[in-house]
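Visitor: As a plain string of letters, each chain reads:
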Amino acid sequence: GAVVSQHPSWVICKSGTSVKIECRSLDFQATTMFWYRQFPKQSLMLMATSNEGSKATYEQGVEKDKFLINHASLTLSTLTVTSAHPEDSSFYICSARAPGTIAFLNEQFFGPGTRLTVL
Amino acid sequence: KQEVTQIPAALSVPEGENLVLNCSFTDSAIYNLQWFRQDPGKGLTSLLLIQSSQREQTSGRLNASLDKSSGRSTLYIAASQPGDSATYLCAVRDVGAQKLVFGQGTRLTINP
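Residue numbers (my numbering), protein chains in the order written: chain A, 1 to 119; chain B, 1 to 112.
None of these hints come from the bench; they were simulated from the model. Note that beta-carbon positions come from the ideal geometry of N, C-alpha and C, so glycine has one too. Just so you know, not all the hints are guaranteed correct.
A short, non-exhaustive set of chain A residues, derived as facing chain B with CB atoms under 10 Å [to be verified]:
hint: 1; residue: Val4
hint: 2; residue: His7
hint: 3; residue: Thr32
hint: 4; residue: Ser95
hint: 5; residue: Leu105
hint: 6; residue: Gly113
Computed list of lysine-lysine pairs in PhoX-like fashion (alpha-carbon distance at most 25 Å, straight line) [said to hold, decoys possible]:
hint: 7; chain 1: B; residue 1: Lys99; chain 2: A; residue 2: Lys41
hint: 8; chain 1: A; residue 1: Lys66; chain 2: B; residue 2: Lys99
hint: 9; chain 1: A; residue 1: Lys14; chain 2: A; residue 2: Lys64
hint: 10; chain 1: A; residue 1: Lys55; chain 2: A; residue 2: Lys41
hint: 11; chain 1: A; residue 1: Lys55; chain 2: A; residue 2: Lys20
hint: 12; chain 1: B; residue 1: Lys1; chain 2: A; residue 2: Lys41
hint: 13; chain 1: A; residue 1: Lys55; chain 2: A; residue 2: Lys14
hint: 14; chain 1: A; residue 1: Lys20; chain 2: B; residue 2: Lys42
hint: 15; chain 1: A; residue 1: Lys55; chain 2: B; residue 2: Lys99
hint: 16; chain 1: A; residue 1: Lys20; chain 2: A; residue 2: Lys64
hint: 17; chain 1: B; residue 1: Lys99; chain 2: A; residue 2: Lys20
hint: 18; chain 1: B; residue 1: Lys1; chain 2: B; residue 2: Lys99
hint: 19; chain 1: B; residue 1: Lys68; chain 2: B; residue 2: Lys99
hint: 20; chain 1: A; residue 1: Lys64; chain 2: B; residue 2: Lys1
hint: 21; chain 1: B; residue 1: Lys42; chain 2: B; residue 2: Lys99
hint: 22; chain 1: A; residue 1: Lys66; chain 2: A; residue 2: Lys14
hint: 23; chain 1: B; residue 1: Lys68; chain 2: A; residue 2: Lys64
hint: 24; chain 1: A; residue 1: Lys41; chain 2: B; residue 2: Lys42
hint: 25; chain 1: B; residue 1: Lys42; chain 2: B; residue 2: Lys1
hint: 26; chain 1: A; residue 1: Lys14; chain 2: B; residue 2: Lys42
Based on the provided sequences and hints, a complete structural model is requested.
Guide: What follows is the structure in C-alpha cells.
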C-alpha cells in the first residue's frame with residue numbers, strides 16, 4: 001500500500017504555544033487529505049477535510065481558528081494547533097486519499113499519528 | 001445520516017481459530033468500504049477495500065465480504081495468530097461524499 005508520513009511522531013509543549021504537524025503522502029499525489037483526532041479507547045473523530053489549493057472544510061464543533069490547516073501541495077498538508085491548552089492533548093492522525101486509478105482505487109491511507117501533550 | 005456499527009466491541013479467541021468480525025451500515029448508497037487495523041498508539045493500516053460493485057476481497061488470511069443491499073460487511077480472519085491482535089475498524093464512504101464514516105471498532109485479542 002501507499003505510505004503517508006507524519007512529523008513529529010510526538011511533541012510536548014507548554015500551554016499557550018503553537019504546534020505544527022506535517023502530513024506527507026510519499027508515493028502518490030493526494031488532492032484530498034483529512035485530519036482526525038482520537039481520544040484513548042475511542043474511534044477517530046474527523047476534524048477537517050482539506051483539498052489542495054483551497055480552504056479546509058471543518059466538521060461541526062471544530063474551531064477553524066484554533067486548528068489551522070494548510071494543504072499547499074499535492075503531497076503536503078499541515079495542521080497547526082494555535083495557543084495550545086491541556087485539553088488539546090490528543091492523538092492526531094492524518095489521512096490522504098489516493099487517486100482513482102486502477103492501482104489505488106481512491107483508497108484512503110493513514111499516517112502513523114502524532115501524540116500531542118500540552119503541559 | 002450514515003451510521004456504522006461493529007459487533008462485537010471486543011473479542012478474545014485462542015490462537016488458530018477462524019473468526020468473523022461484523023460491520024453494518026444504515027445507508028446502502030455507498031461508494032466503497034474499507035477495513036483497517038489499528039495497533040495501540042499507532043495509525044491505521046488499510047487491510048482491504050471493497051468497491052460498491054464488488055462482493056468480496058481477499059488478502060492472505062483475510063477475506064472481506066460486502067452485501068450492500070442488507071448493509072453488511074464481514075471480515076473473516078483464518079488461522080488467527082497472536083500478531084493479529086489489534087483493533088479492527090470498518091469505514092464506509094458514501095456516494096458523493098468525501099469522508100469516511102467509521103464504526104467504533106472491534107478489539108481483537110488472540111491468545112497463544
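Visitor: Decide, hint by hint, whether the structure agrees.
Guide: Hints versus structure:
1. Val4: This hint holds: Val4 (chain A) lies near chain B, its Cβ roughly 8 Å from the closest one there, short of 10 Å.
2. His7: violated (13 Å)
3. Thr32: holds (6 Å)
4. Ser95: holds (8 Å)
5. Leu105: holds (6 Å)
6. Gly113: holds (5 Å)
7. B:Lys99 - A:Lys41: holds (22 Å)
8. A:Lys66 - B:Lys99: With a Cα-Cα distance of about 21 Å, the restraint between Lys66 (chain A) and Lys99 (chain B) holds, given a limit of 25 Å.
9. A:Lys14 - A:Lys64: Distance of about 21 Å is within 25 Å: holds.
10. A:Lys55 - A:Lys41: It is violated: about 31 Å lies between the C-alpha atoms, which goes past 25 Å.
11. A:Lys55 - A:Lys20: holds (17 Å)
12. B:Lys1 - A:Lys41: This hinted pair holds, its Cα atoms lying about 24 Å apart.
13. A:Lys55 - A:Lys14: Since the Cα atoms of Lys55 (chain A) and Lys14 (chain A) sit roughly 28 Å apart, the hinted pair is violated (cutoff 25 Å).
14. A:Lys20 - B:Lys42: holds (19 Å)
15. A:Lys55 - B:Lys99: holds (16 Å)
16. A:Lys20 - A:Lys64: OK: Lys20 (chain A) and Lys64 (chain A) at ~14 Å, within 25 Å.
17. B:Lys99 - A:Lys20: Cα-Cα ~23 Å, so holds.
18. B:Lys1 - B:Lys99: Distance of about 13 Å is within 25 Å: holds.
19. B:Lys68 - B:Lys99: holds (18 Å)
20. A:Lys64 - B:Lys1: holds (23 Å)
21. B:Lys42 - B:Lys99: holds (21 Å)
22. A:Lys66 - A:Lys14: Holds, at about 16 Å.
23. B:Lys68 - A:Lys64: violated (36 Å)
24. A:Lys41 - B:Lys42: holds (12 Å)
25. B:Lys42 - B:Lys1: violated (29 Å)
26. A:Lys14 - B:Lys42: holds (24 Å)
Hint violations for this structure: numbers 2, 10, 13, 23 and 25, all remaining hints satisfied.
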